[in-house]
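Visitor: These are the residues of each chain, in order.
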Amino acid sequence: MITKKIFMCEDSIEGIFAAIYDAGSSRYGHDNIRIQVQTAGTENFDMELFSEYIYVAGDEEKALKVSKAIREKISGEAYEMVCHAALSDEGKKGDMIYRFLILGFSLGPKAVNLLNNDKVLNIFNLNRNVMNESHHFLGFLRFTESKDNILFAKIKPRNDILRLIAPHFSDRLNMENFIIFDERRKTAVFHKSGFFWIYVTADDFNMDKLLELSDQEEEFQSLWKTFFNTIAIEERKNYRLQRNNLPLRFRSNMPEFSSNDINSSDDISGK
Amino acid sequence: MSVIIQERMPVQKKLEILSAAAKYDVACTSSGVDRSGSPGGMGNSVGCGICHTFSADGRCISLLKILFTNECIFDCKYCLNRASNDIVRASFTPEEVCTLTMEFYRRNYIEGLFLSSGILVSPNHTMELLCITLKMLREVHRFNGYIHCKAVPGAAPSLIEMTGWYADRMSVNLELPTASGLRNLAPHKSRKNILRPMKQIQLGRKEAVGKPFRIQDSRTGSDIKLPDDLRLKDSLNKDDLRLEEDLRLKKDLKLPDEWKSEGDWKLQDNFKNPETVILRPSSSALGLVKRPAVSRGFVPAGQSTQMIIGATPENDYQIISVAEALYQKFDLKRVFYSAYVKVNEDSSLPSLQDGPPLLREHRLYQADWLLRFYGFQASELLSEERPNFNILMDPKCNWALGHLGKFPIEVNKADYYTLLRVPGIGVKSAQRIVKIRKTSNLRFEDLKKIGVVLKRALYFITCGGKMMYPVRLEENYITNQLISIKERLPYGIDGSNLYEQLSLFDDVNFTSLNHTDIRSLTL
Ligand code: SF4
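Going line by line, the protein sequences match chains A and B.
Residue numbers are given in numbering that gives the first Met the number 0: position 186 of the first sequence equals residue 185, and the series is strictly consecutive.
Residue numbers are given in numbering that gives the first Met the number 0: position 159 of the second sequence equals residue 158, and the series is strictly consecutive.
For reference, chain B alone in the conformation it holds in the complex (with noise of 0.2 angstroms):
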């Protein structure tokens, strides 16, 4: 590997170099907790989160987003880390990390730290790392704000549990959709290293609630249970799925010694030999280490864990059935797609012209959206035969079209799923239909003014058994008016040249087509 580290390098430099290294990481929320503040400590926790600002890219900074460190051993193709890269290497001192954290926090720049790192030395000398820097802020500074912090794959349970008593949310990246991505892309990571932390966190989590203390999780009202028989065909090999057993075998493993770090680390951590942290080999996927005095509950916001979208060749029904199992397999808070960014020159990765793959990116948040919050299927949304998005609308519009036949659904007796799947109509604007219509009978004006778009909406409702014009249900005709209509898309996803080179193809039929179709024929 080749290095160039600087001794003594300031905090300001640190403080850019790894942040710079850890802004493809796209989980920014600092969700999912509601905590009041502790007597003497500091911080606070709000259960729907808060922005403290935005970059020049327009993304939420909620964050102290850093890697503890980006010397890293391991040689991912896609990251600008990897060990074959000539960049400035540096390492925080946990110190540092707290001090940045604790001031930024005083200041009201941040909601709380996002701890993610490079593989220093072995993976569990890292988590013992983060684990470390957690406690210290925790424990000497008494930070009782927000912490987001990085599982290491391939690092010892005990080491991921006691950093779990610690942080709130905690992650561990999918990094690509398949195994076979993750081979050729990530040499030195196994899907089988990504998933038994994620197992053990989640196991964790579910002892965790019958402890004495409260996890609070403001997604249990709106969590999509389904049942078993509709379950989709497993995107995860067998091989994950036996970690459940897998992690008890591994439960009272000898830690390698390899983790008892060198260096300078003064702290009298009571893990630092594993002998005396291993209490209890049990049955279970908690009680490895000593819980901390003051707790706040196992990793209490949740997990989340992201994906990189377009760096391998993965279709769009692939990935949003790996993010289905993860919801619903390892009860995952959030799956997060990033649209690859090329850092690096490599045969193995694609070239992205057109810079990184935004649309498609906003496409799988918006089907990612529809899978937590309207009740909808991976299956449902695409298949082997239509496995890709349609690039000119939403995925709803574009399952609406599909199935012309349930509609149109009458606004005033609809019940509430069933609104919801009316393009046009958001989970807001379905509330408000099933609140006001306890009272009274909605007509299409009374729709508008509670925010249902009624230019997408008209072609699939009626009011009191009446439609609001009279029109063809009939998929090319109310396919056409829709993608007339011009989607919000957000800023920077630019349509608009796609538009044009379409409409050189007037008689194409849209319902058709999906992201590679659009690129055969506009090239």
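Only chain A is shown next, with the shape it has when bound in the complex (with noise of 0.2 angstroms):
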């Protein structure tokens, strides 16, 4: 029996692509490779008897060619569809790609067109639903000013956006101190007055200085809490229409939905 050779990589563009790079130029056959991107609920994942893990180092080398492969053979679009999908918390990304990417190199550019085929189509919805939640965030993002003025925001996101909206943020608040921390990967973006953003892993991130609440913040708080409270009009109230368009997940780090509010509380049963 032929035993599967199952790819391990690194949680990022970079080693998924190392990954694939050596996946192709193996010569297992496709049918007999796997990739699997590790992430922080694959550690323990169960091992499948009769499958060989190879483990593959991120390598910068291997990702460029990778990447201009796929511009190259397949599309500009197809490349920025890939990076997105990259970003996503789903466990089977790296297969995904993988699959997708060996189509598209058959293919070329017109591959990005057939939704009808489930290679293209999970790539499609994968970039999609990253996207989607990078725009949500644009939103429901929320900052907090700290005692030495540096605007502090805590997100939360499912799929890994945070260099998605940092562009966003710092062309919008481009003469303001700001940071913003993903809670869950903790990573967050640092941003200078007047500078580019920077990317930065965070793991022993101390932000109690930042919680340190200037004097003025509790008041702007408590202002959008009347504005929020009072805009929504009576006779139209549809808590499940919030739900809907806003769900709970979002809602931790918003001021207008923290619980010492309770007129800005959800009602749970959903009437």
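Hints may contain errors.
What the hints assert, rightly or not - Some but not every residue of chain A turned toward chain B, in silico, with C-beta under 8 angstroms:
| # | residue |
| --- | --- |
| 1 | F104 |
| 2 | L140 |
| 3 | L150 |
| 4 | K153 |
| 5 | N173 |
| 6 | M174 |
| 7 | F227 |
| 8 | T229 |
| 9 | A231 |
| 10 | N237 |
| 11 | N244 |
As the list claims (entries may be wrong) - Distance condition first, Cα-Cα at most 25 angstroms in a straight line; then the derived DMTMM-like pairs of lysine to aspartate or glutamate:
| # | chain 1 | residue 1 | chain 2 | residue 2 |
| --- | --- | --- | --- | --- |
| 12 | A | K236 | B | D24 |
| 13 | B | K437 | A | D117 |
| 14 | A | K155 | A | D207 |
| 15 | A | K72 | A | E59 |
| 16 | B | K12 | A | E216 |
| 17 | A | K146 | B | D24 |
| 18 | A | K153 | A | D202 |
| 19 | B | K341 | B | D56 |
| 20 | B | K437 | A | E182 |
| 21 | B | K448 | A | E76 |
| 22 | A | K146 | B | E94 |
| 23 | A | K109 | B | E444 |
| 24 | B | K12 | A | D214 |
| 25 | A | K155 | A | D170 |
| 26 | B | K134 | A | E175 |
| 27 | A | K153 | A | E182 |
| 28 | A | K191 | B | D56 |
| 29 | A | K155 | A | E175 |
| 30 | A | K236 | B | E486 |
| 31 | B | K12 | B | E70 |
| 32 | B | K427 | B | E409 |
| 33 | B | K437 | A | E76 |
| 34 | A | K109 | B | D414 |
| 35 | B | K341 | B | D330 |
| 36 | B | K437 | A | E71 |
| 37 | B | K427 | A | E76 |
| 38 | A | K118 | A | E79 |
These are computed hints drawn from the structure, not numbers from a lab.
Every residue gets a Cβ at the ideal spot worked out from N, C-alpha and C, and that includes glycine.
Hints are included, so try docking the two chains, each in its own frame, into the full complex.
Guide: This is how it looks when you write it as structure tokens:
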């Protein structure tokens, strides 16, 4: 019997591309290969008997080769879709990207249009899901102002969208000092007034100082809640619609939904 | 007018009063203009718009939506702020509005400001206050985010123009679909005063296109221009259409004294004195005032308007005909429909026992969508004989059932606009069909994958010459089939009891049902 070769890689574009590079240049045959991204959830996944695990380290050179191949043999659009898909929290994304690329390398630019093909549809959906969440956070993210006049935001996105939203905020608030922190991945974006943003991993990030709020912070939060509560039309109250448009998972860092204000808390019973 | 004015009211209280007063205005989008940040300033704008939160009624909150003042001298019967109501009155100062906008914006609560107002002292006085506020926001606070500002009906064109250079979007509310409705319920407003600023803004935008800055228009691609001979009967009266000329004549009007604001607006604005602002009376809609140094374009995100639905007796056909005329003759970006909410007791207003007419509002939005993106005309959707939408099904299904002769169409051949006319195929799935069939032939299972709702579409399409099942193309049969698939209405618009009541009338010919019929049926 043929043992399945499972290429294990880091959860990053670079890692996935390196694994794809190694898998593609191996001689095992596409059907006997799987690409598996190591994410927090997969650390202790069930190892399969009769499978051989190959650990691939991230490698810039291999990654660059793959990205060049995608742009040249498929298209820039395909490259963008794959990069976004790589930021998804879907466990099978590594293999999905691999399957899509095999198809794309044989079909060329028209591959991205074949939405009736599952391999294309998978990437299309991952891409859409990542972009949707990223767009949501452009609106739902909230800054608080610290004593040191730094704007600080915490987010807990499903997908790794921090670097997708950073350019927007750095353009919009270019004269502000701000930090956006991904609580799930312990990564952060720092922006200093007048400069470009930087992305860092921040495992032992200490936010105590940032949570010391400025004197007027509470006042503006309270003004915002006042506005939020009065703007709703009583005769049209519709908590289901509200929850449909703004799922609960986004609300933890939004002052208008903070629990010390009963008026703004959502009706959990769904009446 | 009975007014309770509190001296030195805290901003919190003002905000409460003046946002409550603005909540019935439905336009809260921040869309229509892409603009990147400005060095040293704060803010940018994203063409597709961004929702920042959703209020308890499920509506998107994108902008800080407030009235500048609710000290209104007008007495519109449907409005909470009408002069004859006994309510607490308040007015912001421009500085207060600026602070709220800037601080909310920094914290990413909002995309920008939506500034409307009651009529304080006079239309010109009010418009001047709005203009001063915008000017301060743009020039003192260097705010570069989105601003939507109301144009006050009856205000001088020079003030409208100045405001237009600072705002991204402007709107003048039509309020009620017909001039007679307006006469009955808003005695201080006239159709002409509403349409004149609308016309000025439209012409101004056209003129501004030739000027050395770019107007980015996210809708150009999808604009649906109908040939002139298909133009519907004018639902706006003739007077309204002479506005263009009218406006040119009014150009160098001498502004009345009353709009020179009193009080403590200690701003050195160069347009306080009308003589200095009217630079050159010309034959254009612009050029009445000196343009601000930093130009973002003249009303770059275009204008919108809104109509109150259900306060006056107009039928759906009248309403969408007016909307169509507004899109075609005034280049509006959006027409909003607002189900009437009863806030005042008044013998000239309907009683609305069932609450605001939400399902009707929903049908109008669906139809509006068909006008803007699907290439439909109002006269295809409704007629004098069938003046209201079918309460049981969306306007497109309703249309398709009335035109079974045009179906079935072949998915692999039909052009884009024909595909769009099939129930169950929307803009996205039609685009995907066109894309995919360049490389491969589509089968029914493919359609399902890309989002076509087959249980609706199957009566109207063939794939490779075959229908999905052998079905009778017969109006009553398909109507019954389609009605039995429950339509996904937005939460809260509950059609369920309606369906139950209808099942009592199994032999009713559904295709002829409309609002009024239903009402008489269920009484
Ligand atoms: S003008 Fe009419 S609609 Fe506007 S605030 Fe005054 S009363 Fe209300």
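Visitor: Tell me the numbers of any earlier hints that the structure contravenes, in ascending order.
Guide: 1, 4, 17, 20, 28 and 35
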